[in-house]
Each structure stands twice: as C-alpha cells, then as structure tokens.
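Trainee: Here are the chains, one letter per residue:
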Amino acid sequence: MTRYLLALVWAVAGWLPLPAQAADKVKIGFISTLSGPSAALGVDIRDAFLLAVKLNGGKLGGLPAEIVVGDDQFKPDVGRQLAEKNIKLDKVNFLTGFVFSNIMLASVPVAFENKIIYVSPNAAPSPLAGKQCNPYFFAASWPNDAYHEAAGQYATTRGYQSVYMLAPNYQAGKDSLEGFKRFYKGAIAGEVYTQLGQLDYSAELAQVRAAKPEAVYIFLPGGMGVNFIKQFVAAGLSKDVQLITPGFSSDQDIIRAVGDSMLGTFDAAHWALDFDNAANRKFVAEFEKEYKRLPTVYASQGYDTALLIDSAVREVKGRIEDTEAVRKALKAAKFQSVRGSFRFNRNQYPIQNYYLRVVGKDSQGRLVNKTMGTIFKDRGDAYVQECSMK
Amino acid sequence: MSWILIVEQSLNGLQFGLMLFLLAAGLTLVFGIMDMINLAHGSLYMLGAFLAATLVQATGSFAAGVLLAIPATALLGMLLEMSVLRTLYARDHLSQVLATFALILILNEAVRIIWGPDMPLSVPAALSGPVQLLPGMVYPAYRLLIIGVGAAVAGALYLLVARTRIGMLVRAGASNREMALAMGVNIRRLFTLLFGVGAGLCAVAGALLGPLFAVQVGMGENILILAFVVIVIGGIGSIRGALVGSLLVGVVDTIGRAFLPLLFGIFFQPRVASAAGPAIASVLVYLLMAVVLYIKPQGLFPARG
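If you read the sequences in order, they're chains A and B. Residues in the first sequence are numbered consecutively from 0, following numbering that gives the first Met the number 0. Residues in the second sequence are numbered consecutively from 0, following numbering that gives the first Met the number 0.
Bound conformation, chain B alone (with noise of 0.2 Å):
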C-alpha cells in the first residue's frame, strides 16, 4: 500500500465530508436553534440540483448556473419556511417528522411533474480531466474544485458565525433560546433568514455534486440519513461539531470502502473477505455514530452548555 494511495483516499474523503457539512450545517442550525426536525432538508438539495441544471442549460455557462442556483433555491427555501415550516415550531417532534416527511413527497412529485424524474448535468469539459498534483499522482480536476469551494464555503461559515452579529444572534439561539428571545432578539426573521442560509448551501452541494452522481428525483434522502448521523456525531447545532463530524464521517466512509477489504484479506480467507469487507464497511458510519453516543452522549461538540 503506497503512500500516494493513502493521499488519494484523504482527498477523496475530505471532499466527501466538505460536502456533507454545506448539508449538515444547516441542518444543525435549524435543528438546534429552532428546536426543528427538518426531514426535507434533502429535498431542498434536490431543488438545488434540479434549479442548477435548469439554468446551467439556459445560460450556457456551468459557474453562472450554479451561481445563479444559490439564491433561488435561498428564496425557495425561504418561502417554504414562512409558509409551511413556521406553523411547526410549536408543535411536537412528531409532528414536524410528519409533517416534513409528507413535504419530501410533495416536492418530490413536483419535481417529477415538473422537470421528470432526471436533469442532465455534467462537468464542465475544462474540468473534466485529470491534474497532477505530485509527480506520480493525478487527481481529477473537478474533485479538487469541490474541495476548494467547500473548504472556502466552510471557513466563510465559520467567519459569518463566529464573527459577525447575525453570527452572534445565531450562537445564542443555538445555546439558549428563551434568554435570546427574552433579549429582544427578532427569532422570527433570524429563523427565516437562517433558513435561507441553509437552502443555499444545500444548493451548493447538490449544484457541485449533480454532475459527479445524477440529478434525479429522491437523490436527498440517501444524502440526509448522512447528514444526520454527522449533526448527532458534531453535537446538535454546532456548526463546529458538524464540520468536525462531516470530515469524520467523510473520511471512516472512504477509507473504510477502500482498506476494509484488503485488511479482512489479511485475517479471513478471501471469499469471506470479499463478502464481510463490503457488508461492514457499509455500517462502519453508524457504528462510529453509536460509538461517539456511548462515549459523549450530546455528541463531540455539545451546543448547550
């Protein structure tokens, strides 16, 4: 096993996780300042995906598509809040779970009826190669995009949260909600506006991802199992514990897809190997999940002191 492979599957895995945690941050936002469970979180990234192909195609161009893609589904998610979502708060878990479990299969045949079950989305011929990184190891272009605009995505996030006054409002809703609302804080546009935010980058993943998988109807559902194992992994409404919990989760998934099989060929025989590798390999993410839980029950990076 060289060292040039080893690299690889880190990049591989990194760029995996960046792109879980554009999902998970705002799922942990909404979930940890707004006390909501919001299933059609991964609905909005098929929205995204859907939009960016849209205008992809009617502009031409692949940058002003997806750019373009951001805000709209932004706005989408918005109206999606102030209409259906608000009427939530007050209600149960169990209602919300409902209630946005009956959402994902609205939007899902809407989508169907609007755009049909799939969008051709694919990466921009410049891209489309390979770049070599070091001598001897190439890396596929596009790959190392997604790396960059999720770690850029990432570390502008940190900044808006840590370092800014919606930031600020944010932090405290997320730490205790009553004393920021008996502060004079304006949580129903703060949550709106937040809401927004996680449209958005939703957008962004499935915008970036859309030509790497396929653009399809039910493409979220998959994607957002992850993103809660990351949000309970980080600790619930920490946008830290999700970045933290996405490249964890990134990086156990790669690494175990790619090594799993070759270490049981060193223990097992290998018609067992072959079958035990893929099957564990498979649960290696929820065994992480469950291992964190026995160890730091509020996750790594608990939100509520």
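For reference, chain A alone in the conformation it holds in the complex (with noise of 0.2 Å):
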C-alpha cells in the first residue's frame, strides 16, 4: 500500500509546477555524418565542438559536458533512429550536429515534437526559415542560400555573361542555385542537377567543355566537391573556365585532397581562417595545435555552435530545464563569434556578413583562403517575411 501511495504522490509532484532548478549537468547529442567520402564535414565540425568544450575546462555554461556522438552514415533513416535514442534514451538538453540538410529534415522533427532545442552547426535549409520556422530551430551557421547568394553577386559584380551551374538533385542543391540565380543577372549556360553522392562527374564535365561558359559555379559539398575539381582538372578545363563555389568547396578538407590546382579559386563564405579577431586567432591556433590541420569553415560554425549553447546555460545559471528561457538566452547570442559580427534574425537564423574569398599562398607557402572583401553586410535571409515567429 505504502507503496502505492509513494507512486501516487510521485505522479502528483509530476504534475505540479516546480521552480526550474539547476542542473547537475548539461548533455548534448551530437549526430553528424562522421564515416564515408563525406565524413570530413562531420568530422569538423565535432572536432571544433570538442575543442570548444575542452578549452572552457569540460563545461558549457558553468556545468560539466557530456557530449553523445553518434554517427549517421549519411543516411536518413539512422540520423532519424539516433535522434530518437539521444532524446528518449539519453534525455540529451540539446541535438546538434548534423552536416546535410536532408539527414537533418528527417530528424529533427523528434526534437521538435519532444521540445528539444536543436541548434545547427551547419545545416539551415530554406523551409525552416519561413514557413516552417520553429521556436526550437537555431541556425548557428548560415541559411543554405546565402553563400550562393553571395557567389551570385560576386559573379554579376564581375561581369561574367554565362555560367554553368552544377547541383545535387535535394533540397539544398535546389536553394543553392535559387539563391545563386536571385543575385546573377548574367546568362545561364546550364542548370545540372546530379544523384547526391555522385562521384563520377565524366559527362557532366563533358557538357560543361561544349557548353563554353565563363565560369562553373558549383554547390557540391563534401567528397563531391573533391571527385569533380580533380575531375575538373583532370579534363582541362580549368585553364579556360573559371572555377566559382560556396566556401566550403575550396576550404582546407577540399585543398588537402584536391592540391595546386586549387590556387586562384574564388569563393564566398561567411568566415575565413584570417579573421583579425581575438576569439579567431584563438581558435585558429588552438585547433591546428590539437589537430595538427587548419581549420575549415565547417570547424567554426562547431565551434561557435558550442560557444553559443555555452552563452545560453550561462545565461540562464544552468537552469537548463526552462526551455522558454534557454530559447530566449540563445536567441540573445551573447557570445564573441570567431565570424566577428553574428545575431540572430526573427526566424532564429543569422543576420551577419559575408565576404569574397580567394585561394592563395600563406606566409608559409601553406594554401589557404585569403578574404579579399565583402560581399553582404548584415545580411539576413530572403524566407523571414514568410515566418510567424516573432
């Protein structure tokens, strides 16, 4: 009987509004894309969320850290499993982690329905901005349009006539270049869109040569990206096409693959490894001295997305079951971002810069990207208008 009662009084104390109190500590599931020819993205970004966590001495926000990787194999269906295991069984406080928009659509609808707070370090596709934006969806790194909105202006600055634009055939591949053609006023040479994960680039590359363009504009992330500029290369094209793509097609992971024949590539991205800022150059140093590599952008939106969940906790003094008031404390984003200026717009996506990046020599003759100047400022995203949230 007794213990019947304990259950009755356990189930009522269940129901009653207790004051939040402060967590012992703050667990985090982090799933990303971490094996296969894709996995250096992944890879990346937990590196740098490791890192951020381990130079503020194994906490966030004052509580210790406990980070659950997992690995989605780039496949929706185990993103989606994963997601389910870290909420249900984990009872992770945040999801993080995911690299590819499609494992991401799939998964964090689980977070969503269990009010766990997603933050991305990557991943931000166009929906989730407007229409379907949702109170526990934070973008820490950039919507997926605006590195192609940016090359697209790049290109009509510089007055190129014809591009040829190349895609994976899924909803990322599809914002790209809408968001590249929202800003290029110039001819449209061909609009290709591939399989997803294709690595054999013969006859597309084929077309390309027939098609004459001035410049390829391309949105192939990951070892994509690396089969077709070596492929690029491979067949000659480079000496007469100018090769332009999103930031993270010319970063360090696509320069250790693809070698020399990167030089002189121009890109645009939101961040870039010669930021004179303080939190940069800590970060820049730190990491090539934990991992013996440089930094790609993939590794500072890791890296920011650990600092920014670190700024909430510590801004609600662990009080981290009060889901309304982490939401409000992330949206704040008071933090020192290795990107230097970052807030979040009413759809809970950045409003920040974004600059033009060319592939060249450092001062020990290392290839890195070099900012040349900026494209936007304080640019937000072209979906907020179709976003309820205030």
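Please keep in mind that the hints were generated in silico from the structure rather than gathered at the bench. Treat the hints loosely; a few may be bogus.
Stated by the list, open to error - Per label pair, the in silico range of CB-to-CB distance:
1) 357(A) x 85(B): 56 to 64 Å
2) 76(A) x 279(B): 23 to 31 Å
3) 264(B) x 370(A): 37 to 45 Å
4) 68(A) x 85(B): 40 to 48 Å
5) 9(B) x 350(A): 48 to 56 Å
6) 75(A) x 91(B): 32 to 40 Å
Stated by the list, open to error - Take a look, some chain A residues computed to stay more than 10 Å from chain B by CB distance:
7) 26
8) 80
9) 112
10) 186
11) 381
Think of the CB as a built atom: it goes at the ideal place given N, C-alpha and C, for glycine as much as any other residue.
Hey, can you piece these two chains together into the complex? The hints should help.
Mentor: So this is what it looks like as structure tokens:
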C-alpha cells in the first residue's frame, strides 16, 4: 500500500509546477556524418565542438558537459534513429551536429515534438527559415542559400556573362542554385542536377566543355566536390573556365585532397582563417595545435555552436530545464563569434556578413583562403517574411 | 551539339562500360557455371580497392601497388570460395542470396575494422592532367589509361575463354554443367580457379576506379546492381554477353545523363525538363533491361542452348 501511495505522490508531484532547478550537468546529442566520402565535414564540426568544450574545462555555461556522439552514416533513417535514441534514452538537453539538410530534416521533427532545442552547426534549409520556422530550431551557421547568393552577387559584380551551374538533386542543391540565381544577372549556360553522392562527373564535364561558359558554379559538398574539382582539372577545363564555389567547396579539406590546382579559385563565405579578431585567433591556433591541421568553415561553425550553447546555459544560470528561458538566452547570442558580428533574425537564422575569398599561399607557403572583401553586410535571408514567429 | 561532345561522351561511356565488364565477367561466370548467386562480388571489388590503396602506399608506386593487389585479391577470393562459398553450391538460390548478403555485411565491417571507413588513393601525378587527342579535343589521361587497360583485359579474357583448354572447360561448364561433370572435368578445382580470376578482375576495376571515385566501405554495392543488370542483359554465363551488355549499359547511362536533359529541353518547358531529365536518366538502364528481357528473355547471348 505504501508503495502505491508513494507512486501517487510521485505522480502528483510530477504535475505540479516546480521551480526550475539548476541542473548538475548539460547533456548534448551530437549526430553527424562521420564516415564515408563526406565524413570530413562532420569530423571537422565534431572536432571543433569538442575543442571548444575542452578549452572551456569540459564545461558549457559552467555545467559539466557530456557529449553523446553518433554517426548518421550519411543516411536519413539512421540519423532519425539516433535522434530518437538521444532524446528518449540519453535524455539530452540539446541536439546538434547534422551536416546534411536532408538528414537533418528527417531527424529534427523528433526534437521539435519533444521540445528539445536543435542548434544547427551547418544545415539551415529554406523551409525552416520561412513557413515552417520553428521555435526549437537555431541556425548557428548560415542559411543554405547565403553563400550562393553571395557568389551570385560576385559573379554579377565581376561581369560574367555566362555561368554553368551544377548541384545535387536534393533540397539544399535546389536552395543553392536558387540563391545563386537571385543575385546573378548574366545568362545561365546550363543548370544541371546530379544524383546526391555521385562521384563520377565525366558526362557533366563534357557538357560543360561543349557549353563554353565563362565560369562554372558548383554546389557539391564533401567528397562530391573533391571528385568534381579533381576531374575538372584532369579534363583540362581549369585553363579556360573560372571555377566559382561556395566557401566550403574550396576549403582546407578540399585543398588537402586536390592540391595546387585550387590556386586562384574564388569563393564566398562568412568566415576565413585570417579574420583578425581575438576569438578567431585563439580558435585557429588551438585547433591547429590540437589536430595538426587548419580548420575549415565547418570547424568554425562547430566551434561557434558550442560557444553559443555555452552562452545560453550561462545566461540561464544552469536552469536548462526552463526551455523558454534557454530559447531567449540563445536568441540573445551573447558570445564572441569567430566570424565577428553575429545576431539572430526573428526566424532564428543569422544576420551576418559574407566575404569574397580566394585560394592563395600564406606566409608559410600553405594553400589557404584569403579574404578579399565584403560581398554582403548584415545580410539575413529571403524567407524571413514568411515566418510567423516574432 | 558538336561531334567533339559526342566523341567525348562515347569515350566516357566506353570507359564506364569496360570497368563494368571487369565486374560482370566474373559475376556471369560464377552465376552461369556454378549456378551460384554471389552478392558478395561487390565486396571483392571493395577489397581490391583497399588492398591497392594500401600497397600503393607501402610501395610508393601506383603501378606496383595495383599489380600486387590483383593476385592478393584473387588469393582472398579463392580462400573465400574454399572456406564459405563451396558449401553453398548445393543449396537453393535463396540460401545463397542470404549467405552472400551476410558476407557483404561481414566484409564491410571487417574492412571498417582493419582500414577504417576509407583510404586515400589518388591518380599518379604523371596521369593527372589532360591529353590532346584531336585538334580541339582533350581528354583526361587517366581515363584513357582505364580504357586501354579495360580493353586489354577484355581481349586477354576473350583469348583465355575462346582459345585455351581452361577456357574450353569453362565454356563446357557454362553450356551444360552435368555433361561437363560426366566427361570427367575436375569441377572443384575449376570453380576455385574461376573464382580467383573473377576476384582478380574485381581488383583491377576497384584499383583503377578507386582514384576516380573514392575508396570507401560499401563502394561495391551500387556498382554490383549495375553488374547484375549487365549479366541479365547479356545472358547469364556468357562472356560475350557480358562485354556487349557492359558497353550497352555504360553508353546508355552516360548518354542518358548527358543528352536526355537536352532532349527534354527541346520538347518540354525548362522547369519540367530539368526535373524529369535526371529522373528518367537514372532509370534508363533499367528500362533497357526491361526491353531486352521482353524481346529476348534469356538475354542477348544465352550461354545455354
């Protein structure tokens, strides 16, 4: 009988609104693509995220941090399973990590249903910025279209008259080319959608050669980009056609794989190695010391994501059970981003600057991206009007 | 549309087709002669690529690494045949499919444990650029090498099957297994040998395609499906059928990817064309298979009379 009484007391207690207490630790589910040809991206985000926690003395916002890392294997169903496991079994307080929009879109509804906040270190697709904007979704990276809009603006400013465009046939691929076209005013020599994960581009490259464009714009993240650029150079196209890419397609991971033929490639991004602010100098130095390689934009996003969560947990003084307060604190974004100025729009997507970069050699002769100038200042995204959140 | 584009796309199709042939040749012989469905054939392709990547790293030479990987993979293939697959010959196809599917999973995980999810393997520097084939037409040197090696291996295989005593036994086994047994052919040894040759061919394909694609766990599965399409089109057990089927699939796939969106663009709105083109192109190969099966249910060159 006492047992039942006790159970009853517990059940009633569960219904009563208790004052939120400071938790004794913060638990984070980190699910990303950590194997396969596109693994480099997820690995960079994870490494930078863990580095930020380590530099923080293993804490986030003053609470000991426990990071549960999972590999989605580049498969949406695996990502969703891991998200369910993280939320129901591991009882995480935050979810983060996904690289690819399609995997994230399949997985985050689990977080939304359970009122778990997802802080995106990368994927930020257009639906979640507009009509389907969600109080539990924060993008600490950049809207899927943003790099492409900036690249399109650059192609227009530069006066290119014909550009050939290539992207994989999935949500982010379509977002990207839409973004490019929004700001590119010249003629489109071709617009091709390939299979996601395609590794052989011989047929597409022959089409590019026949179309004779002035420039090629690609959105091919991870191994797809490595293969495309290698094959682009091997086909001898790099002599006649200017390659323009979004920032991540000519970043350190791609440079490592492709080598000197990357020299002179133009790209657009929200961050570069050479940004001269205290947070960034510390990040680049510590990352290189820890992992013996230079960080990519993905790494910078992973690092910023950890700093953002850190700032929110600190702001609510460890009372992470109070989701509304945590949301407010995240939205305030009181942290020093390695990208410089950063704030959230009302759809919880960033407002920030985008820069033109070019691949060149640094003082030690290494191939790195150098900042050439600002393309957009304080740019949000094109979908925010459709979002009903205040 | 210029003739240069058509020639270049045909070369791309030829290159892809020849690599498919290396996989399909082993598959069709094992299927046709041993009456054994081996889904793990793609895993041998993966093993070949991983071994090549390791040996290229160890020897520091691309050619040496690839040449060493071929006998090594053949040896592994023969070991696999003697230890596991041999017990499956007498079983029905369903058991073979189940067992070899299990082998795929086991080999994938084994590779992940030994090598990790992927290995670096790149095109040798001397072949990483383009070559001028005709005035106004350049083509990647490495892809030319693949076409050359693929054609040479196909030729050698043809001579082996058509002109040697072993080839005669193989053909006899393919057209009528019971009769070949009754004539006193040592089928057991022949099977093991055949399996080794099939594995070696997988290694050639894996090692040559590795630098173009990526050497990674699970790389064999996608290409295995195409290899099955090839042997069904060509006629199970027939080397000639595998060659014709591979080239057909290679060319149809490449041409489809390249020209179908353009073709659709002539007839439809650009929006419809850019959506339907890639979608139809990716099923074109399977449409081809359906048409061939409708007209010739035994495939183009049936091995059994």
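Trainee: Now tell me if each hint is right for this structure.
Mentor: Tested hints:
Range check, residue 357(A) to residue 85(B): Cβ separation about 60 Å, and the 56 to 64 Å hint holds. The given range of 23 to 31 Å is respected by residue 76(A) and residue 279(B), whose C-beta atoms sit roughly 26 Å from each other. Residue 264(B) and residue 370(A) have their C-beta atoms about 39 Å apart, which keeps the hinted 37 to 45 Å range intact. The hint said 40 to 48 Å for the Cβ distance between residue 68(A) and residue 85(B), and at roughly 42 Å that hint holds.
In this structure, residue 9(B) and residue 350(A) meet the distance hint of 48 to 56 Å, their C-beta atoms being roughly 51 Å apart. A hinted range of 32 to 40 Å holds for the C-beta pair residue 75(A) and residue 91(B), which are about 35 Å apart. Taking the minimum C-beta to C-beta distance to chain B, about 27 Å, the non-interface status of residue 26(A) holds against the 10 Å cut. No beta-carbon of chain B comes within 10 Å of the beta-carbon of residue 80(A); the shortest separation is about 17 Å.
Non-interface call for residue 112(A) relative to chain B: holds, since the shortest CB-CB distance, roughly 31 Å, exceeds 10 Å. With a least beta-carbon separation of about 13 Å from chain B, residue 186(A) lies farther than 10 Å from that chain, consistent with its non-interface assignment. For residue 381(A), the shortest C-beta to C-beta distance to chain B comes to about 19 Å, beyond the 10 Å cut-off, and the non-interface label holds.
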